[in-house]
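Order-wise, the sequence lines are chains A, B, C and D. Residue 138 in the numbering used here sits at position 138 of the first sequence, and the numbers go up by one each step. Residue 122 in the numbering used here sits at position 122 of the second sequence, and the numbers go up by one each step. Residue 15 in the numbering used here sits at position 15 of the third sequence, and the numbers go up by one each step. Residue 392 in the numbering used here sits at position 392 of the fourth sequence, and the numbers go up by one each step.
Keep in mind that the hints were calculated from the coordinates and are not lab data.
Copies of one chain are not kept apart here, so a pair can be met inside one copy or by any two copies together.
Straight-line C-alpha distance at most 20 angstroms; calculated DMTMM-like pairs for lysine to aspartate or glutamate: (1) Lys414 <-> Glu362; (2) Lys359 <-> Asp241; (3) Lys212 <-> Glu194; (4) Lys359 <-> Glu248; (5) Lys255 <-> Asp96; (6) Lys414 <-> Asp189; (7) Lys212 <-> Asp189.
For reference, the chains in residue letters:
4 protein chains.
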Amino acid sequence: MNQTNAVAQEVPYIPSLFDRTRTQTTKLVAPLLPEDMMLQSMEDASPAKWHLAHTTWFFEEFILKPFLPGYASPDDRFAFLFNSYYVTAGPRHARDRRGLVSRPDNADVRAYREHVDGAMAELIALERDNTPEILDLIELGCHHEMQHQELLVTDLLHGLSFNPLLPVYREPEPMPVTTEVPLTWSRHDGGVIEIGHDGNGFAYDCEGPRHKVYVYPFAIADRPVTNRDWITFMDAGGYSDPRHWLMEGFAVATKEGWTHPLYWWQQDDEWWTFTLRGSQPVALDAPVVHVSYYEADAFARWAGARLPTEAEHEHAFAHHPIRGNFLNDGTMRPMPGSGVWGDVWEWTASPFTPYPGFKAPEGTLGEYNGKFMVNQMVMRGGSCATAQEQMRSSYRTFFYPHQRWQMMGLRLAKNT
Amino acid sequence: MNQTNAVAQEVPYIPSLFDRTRTQTTKLVAPLLPEDMMLQSMEDASPAKWHLAHTTWFFEEFILKPFLPGYASPDDRFAFLFNSYYVTAGPRHARDRRGLVSRPDNADVRAYREHVDGAMAELIALERDNTPEILDLIELGCHHEMQHQELLVTDLLHGLSFNPLLPVYREPEPMPVTTEVPLTWSRHDGGVIEIGHDGNGFAYDCEGPRHKVYVYPFAIADRPVTNRDWITFMDAGGYSDPRHWLMEGFAVATKEGWTHPLYWWQQDDEWWTFTLRGSQPVALDAPVVHVSYYEADAFARWAGARLPTEAEHEHAFAHHPIRGNFLNDGTMRPMPGSGVWGDVWEWTASPFTPYPGFKAPEGTLGEYNGKFMVNQMVMRGGSCATAQEQMRSSYRTFFYPHQRWQMMGLRLAKNT
Amino acid sequence: MNQTNAVAQEVPYIPSLFDRTRTQTTKLVAPLLPEDMMLQSMEDASPAKWHLAHTTWFFEEFILKPFLPGYASPDDRFAFLFNSYYVTAGPRHARDRRGLVSRPDNADVRAYREHVDGAMAELIALERDNTPEILDLIELGCHHEMQHQELLVTDLLHGLSFNPLLPVYREPEPMPVTTEVPLTWSRHDGGVIEIGHDGNGFAYDCEGPRHKVYVYPFAIADRPVTNRDWITFMDAGGYSDPRHWLMEGFAVATKEGWTHPLYWWQQDDEWWTFTLRGSQPVALDAPVVHVSYYEADAFARWAGARLPTEAEHEHAFAHHPIRGNFLNDGTMRPMPGSGVWGDVWEWTASPFTPYPGFKAPEGTLGEYNGKFMVNQMVMRGGSCATAQEQMRSSYRTFFYPHQRWQMMGLRLAKNT
Amino acid sequence: MNQTNAVAQEVPYIPSLFDRTRTQTTKLVAPLLPEDMMLQSMEDASPAKWHLAHTTWFFEEFILKPFLPGYASPDDRFAFLFNSYYVTAGPRHARDRRGLVSRPDNADVRAYREHVDGAMAELIALERDNTPEILDLIELGCHHEMQHQELLVTDLLHGLSFNPLLPVYREPEPMPVTTEVPLTWSRHDGGVIEIGHDGNGFAYDCEGPRHKVYVYPFAIADRPVTNRDWITFMDAGGYSDPRHWLMEGFAVATKEGWTHPLYWWQQDDEWWTFTLRGSQPVALDAPVVHVSYYEADAFARWAGARLPTEAEHEHAFAHHPIRGNFLNDGTMRPMPGSGVWGDVWEWTASPFTPYPGFKAPEGTLGEYNGKFMVNQMVMRGGSCATAQEQMRSSYRTFFYPHQRWQMMGLRLAKNT
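For reference, chain A alone in the conformation it holds in the complex:
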């Protein structure tokens, strides 16, 4: 969460951020039926309705209850239903049963949002009382909600994928015809570098402190691995040759029967995939997506390269402006011609561990990131499901190495 201060002159920024973020969430669920909003296809994923309610609860729990005098929740039981994992905020509903909560229904949850939005407007209007602490919390709540926007659409894709009718979330649109983009590399010198957030502007606790790291000279690819590259790997028997794989990865791949990325199937000798814009032929020059860390690592080894560390990734791209194909662009799937930011998250070789000097904040929000720092791998770069405003070059997202349902791809690196 927010380690930095939303300084005085940012005041006008926060209300606008709040409005934009809340509106964007509402826009994302506009095409959904009440039935769609119930889908929970695995414990890792949550129903869209739950995302709507949980992001609302976040503002209620951490801002309205402590700071808006006289605030009353429309239903005190929502605190139990819509807390995700904050143990210090009290008990919570079992994660794998979120899909079994039919009531509050869709209308109730929208009313809950409106109630909280109204109270937030009231609080924000009390300008003179808005301490930096409150503004920081609002900013954090917005970034939190942007993270859930990403989960909302990727969880939805996963949920819809179990429907044999493969429903379409957003109207299909053909992919542009493209030609192969050759793989080129950028070299970087080594030495003591600095990574991590410097404290100016918003960042999550785990992005700091900014700190020194010793890196060795390396080269990093100028584009992510594409579907075309991936099909070459598949055709070369990449999925069935244990020499390329981490032992644990090969065991998972064998047990799960993986022979291609998630959501792919073969039809008349062509590879197809299920996307938020319906079923489509795999676009050869778009970045490969929905591959696990295990697959990404195997691909890199097969390709005679490796995954970059997060320090390398951050160092290489810290000065590239954050432009690319993000959630706001509405493509809802990675597009050909991808550069650095957006389109797909890129698995790094770095486990998610605390930076030197990291200390989780006191209190409930100290649970935000710190308690996940084991067995997960860092990804960098943002995706077509990420809100652009959410991205920074220091941004670290993290997932388990077997997970595939996020917009997960990769970029190669090598020693020089």
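Here the structure of chain A is known, so what remains is to put chains B, C and D in place on it, guided by the hints.
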């Protein structure tokens, strides 16, 4: 399914049965939100929406497609989505993923019902072409739908029970104040008796052939075991003393942590239970419900009695008129003062096996009952979730000994 | 256990039975190494060493402790280690960890046997004090041990089968060359018959009371189903066609990948099997063995027949003398030319339920059979791993429908 | 494996190392019965017999087969049975079934060892032909065997712990009476440091290359956490307060019911533990052992400290001579008064990842470490089950964060 013939004079009965059955299903889901209709809380249970669609598919698949010239389904893919387990009717959607089908949505499924109802009306109107075979199939379809009405409400209860808010399906209504009904017994002579359906009127295949069985003299209780009885068992340590239990039953009870019937909890020294009419104190003189065969068997042994066989049950009650608390009565839970029929299904000591001479019919409908004849136990008597019209003294329902979510109770028997 | 009385004139029989039984067990383990005696390949199976100790504990617990004044166990902790499932005899070691008890070692267990055998000799020598109760218990202990002899060799076969070297228990011996035996049938009239043990001589509690059953006319095959028959079923696609199968059976077969009986594999177009006499080509005219109830039932349906009920089986063969290929014959596998008794147990269509009037004896030995009376199926006929002396026409053994590791085969029946 | 060269003058060292190592293994199993050598209590652990055979196979496969002309294995099937995880060395027996291989028996495996030792002696005697490559492989084989010595004794402890009789491996010996050792800290400056093996002498591939790391100033405790410390944590409710725990760790601890280290129990208000020298009261001033990474991490957070990184650990102790309580000392359990090396492995905060510039060697031995580089945590320091000769300050061992059966403890660190 139907082994018997719906003879000529029954013709007016069938259209009326069809209308009543279809209307009753619609009435049952009237209080439900689209979200409620998505709930699937375990593989054994199905969403209400699925029940609506599957019972409709049954008419389409077995009657309209073969017998109504020119009939077209609104969506050919429904045959895949809404087939339950008829392998000879083609492939089908995985049972444990029925809750992940958000589309067709509620409105689509209702339109599907209307489409099929219209076509059925058309077919029924062609009176002169309605062979006994067709009439038999319609009757079977109605009985099939009545079975699914029972599942619909019990699956719904199970689904709602995972919601910490414990939503109410039908407006609560206090239980009548009652006093204990003493347990009395009726004795029956032994000898060669006959059980099973005699072929007059509708029955499922597994209810026949009518056949001779040798039974020994026995006594059977005049009322089911009540909650008051059950609490005595609980207070006597019944759940924790392995001597009363089948070994497998005790292992399941231990693993699942059973110390009371499903949906019970203790609150301020009183037992409460979750019902389709909301949370209520346990009604002491109502039949106990939501107990597994393992628990029923342990109770009977603890009580110095045993469960009746299905032959004993049928023999004892064959001449009692089918009157009692059924689905049509709308209590939605077993009521005090229960006699023979309705309120709760009664576990018998009989595994579900074929009667002598049983032969599953040829074709797809031969899968209706025969392929379940292993590891399940027969229950008799009907319940408050059973359509009264569906009941006969020869009716056999069957469930696994660990299952509890149906309206399952018991009645004692003993040797004399 | 023993419901009957070992009458006075049987006194000399019991000591001899005791000696023969104990010696036979020792003979069975003679070819085994200490390492072999540790094998526990699944929870259902126990190490040979455990069988040696448990059968010894049975005499100690139920006879020596109550009836031999001054008897002391060599180690009081053995009661915990070697009790199988008698909850009223005290706590016991977890069944699935029997293979983790390296000490007491083989030598210790043999010393334990000798200690108990010595004490038993002492007790038996006190002739005048040996009440019928004691003699009955000794007889029961011997029959109990014979049951464990059968488990010992079948558990051993299972344990050895996980060793890729496929070790040989007893020296290989080629199967006789045979020709197909045509399938013939014997017809039986129906009516009220009697089955069950009549109380003369030893029998287990679950074999009685002798009672009347109404059976319909039937025919039963004169020989079990052979490997030749089974291969025809396999070649006809029997394992992959769900129409022949119970739904639950097909699910198990699919999940486990069953395409042939346990211990079979194909090698150069020939079927081979692993036996206690090493790997051998499948003998075409020997009874098929190591098939589950699910498979047996599917075979019977495919063959246009059914499995007999246990009443039919007992009625048909009650007057056939108990002669056949038993454990004593040492073939250690079913042999061609099998008639009624021995070679393979035959799955019946009857779940294991109590006979009318059955009441488990008071006390610990009441746990012997009664607490298993759910979800298991009865087999009749005895096998090549069964001690001949143990068999009676009323003998009921019972296993779960998915189990295959016993010497399990089948015989067909049909209505006439 | 060996990246370095065993240079010419080391020649006499290798034969001696080989003899010592092989003899030590034999000595370790001397107190074991054939039954003990069969124990496999979980997939992670292997039978002692398997360790004996696998370490022998290693010499056969990687040295004798390629380098000793005319060498023949006593049994070609051993390559299948005793390969552990080298996929490029061919198929192998399932890891979780090693305990089901009763034959080859103990005597066969000892004969196999003698056969290979004889052939190795022959090869070693051919001094002039022993290229550095061969000497390096022998050295690697010895270090490999030392690793398996550690597994052998810890696997044995685990296996024996499932025996309710809690057998004693080595004669019990009382722990010395001790008083609490206060916790003191050593401070270290930060900056660019170097860690990793420098290539002189033996090391595994994963210990290099030696490389620069930037570390911040830190302090590290002068002794490991003791049982006394741990009991304070337990008494303070450390196991039940989620605020101290990684979320995943708390979930595992809850599911497994952890409330104390592995092998502990409470008896008359005193903590006892099962060791290779039998059951003993927990020695308060000995290092705590058999705690998972999750527990170690929670303890550190509760204590207001953290675990050191592996760079910090190596940097802090690189110049401490490798002296301490090792396998050779025969205590078989951690002893009070522990300093830096030996007694217990110390969990670090570092996931096991490749060092910059790491490249797994070509060929089968490239599988030695590299394919495990995910989801495991590094431990440093060696234990009372580690051969002293095996240790270096650069030595990295690695285990999953939930594992407890190795001699796993911890040491605290903090920022300064």
